[in-house]
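Next come the chains, spelled out residue by residue.
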Amino acid sequence: GAVVSQHPSRVICKSGTSVKIECRSLDFQATTMFWYRQFPKQSLMLMATSNEGSKATYEQGVEKDKFLINHASLTLSTLTVTSAHPEDSSFYICSARDQKTGDYGYTFGSGTRLTVV
Amino acid sequence: KNQVEQSPQSLIILEGKNCTLQCNYTVSPFSNLRWYKQDTGRGPVSLTIMTFSENTKSNGRYTATLDADTKQSSLHITASQLSDSASYICVVLQTGADGLTFGKGTHLIIQP
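These protein sequences, in sequence, are chains F and S. Residues 1 to 117 in our numbering are what the first sequence spells out, letter by letter. Residues 1 to 112 in our numbering are what the second sequence spells out, letter by letter.
Derived DSS-like pairs: lysine-lysine, alpha-carbon spacing no greater than 30 angstroms straight-line:
| hint | chain 1 | residue 1 | chain 2 | residue 2 |
| --- | --- | --- | --- | --- |
| 1 | S | Lys57 | F | Lys41 |
| 2 | F | Lys55 | S | Lys104 |
| 3 | S | Lys1 | F | Lys100 |
| 4 | F | Lys41 | S | Lys1 |
| 5 | F | Lys41 | S | Lys71 |
| 6 | S | Lys1 | F | Lys55 |
| 7 | F | Lys100 | S | Lys104 |
| 8 | F | Lys41 | S | Lys104 |
| 9 | F | Lys100 | S | Lys57 |
| 10 | S | Lys104 | F | Lys20 |
| 11 | S | Lys1 | F | Lys64 |
| 12 | S | Lys104 | F | Lys64 |
| 13 | F | Lys14 | F | Lys41 |
| 14 | S | Lys17 | F | Lys41 |
| 15 | S | Lys104 | F | Lys66 |
Treat the hints as calculated values from the structure; they're not laboratory data.
With the sequences and hints as input, model every part of the structure.
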């Protein structure tokens, strides 16, 4: 089955530094990738949608200059949290949509726990 | 506005018992409905995906139903195991849309 690899699974960084999270589709090509943020005991909140080779579309309230998204290939998208602050501490999850299966092909990564100290 | 409502918010049952989780949605036009299992600190894992024409779909001890007329779905778990403790999220895709509409999930705890 479709597999999405997300790294790192956990990261601790100092306030003011930047952190990059990678999301790779291992056995399929992803035309669209999604980045979510999840707070404890809450559901996933969509941050942005990225299509390969074009700029990401950010949801209302999400700062595009703070959460930089790059989707340079059909198998890789990255989320960079710039100048991280403690309030950015959260669980970040990516999802990739399979180019071939379209509406049926949404696979999630295993998530990244970011802690900013 | 597209919405997905789940109930109950949380549920505690004894190991070996059955349970049913509910999902109501207003997403239109409808493409498909999914149930995901999310363990704490992990990403969601797909259990079932159902389209408009499918009424029931099973995956092991998990059985999902869909009534597209009333826009309701349920997830039935049979003979629960401790490993079933997780959040179960109902997610609906709108036809022609990229993104998914998520329910807030049901937090299920299985007690020995």
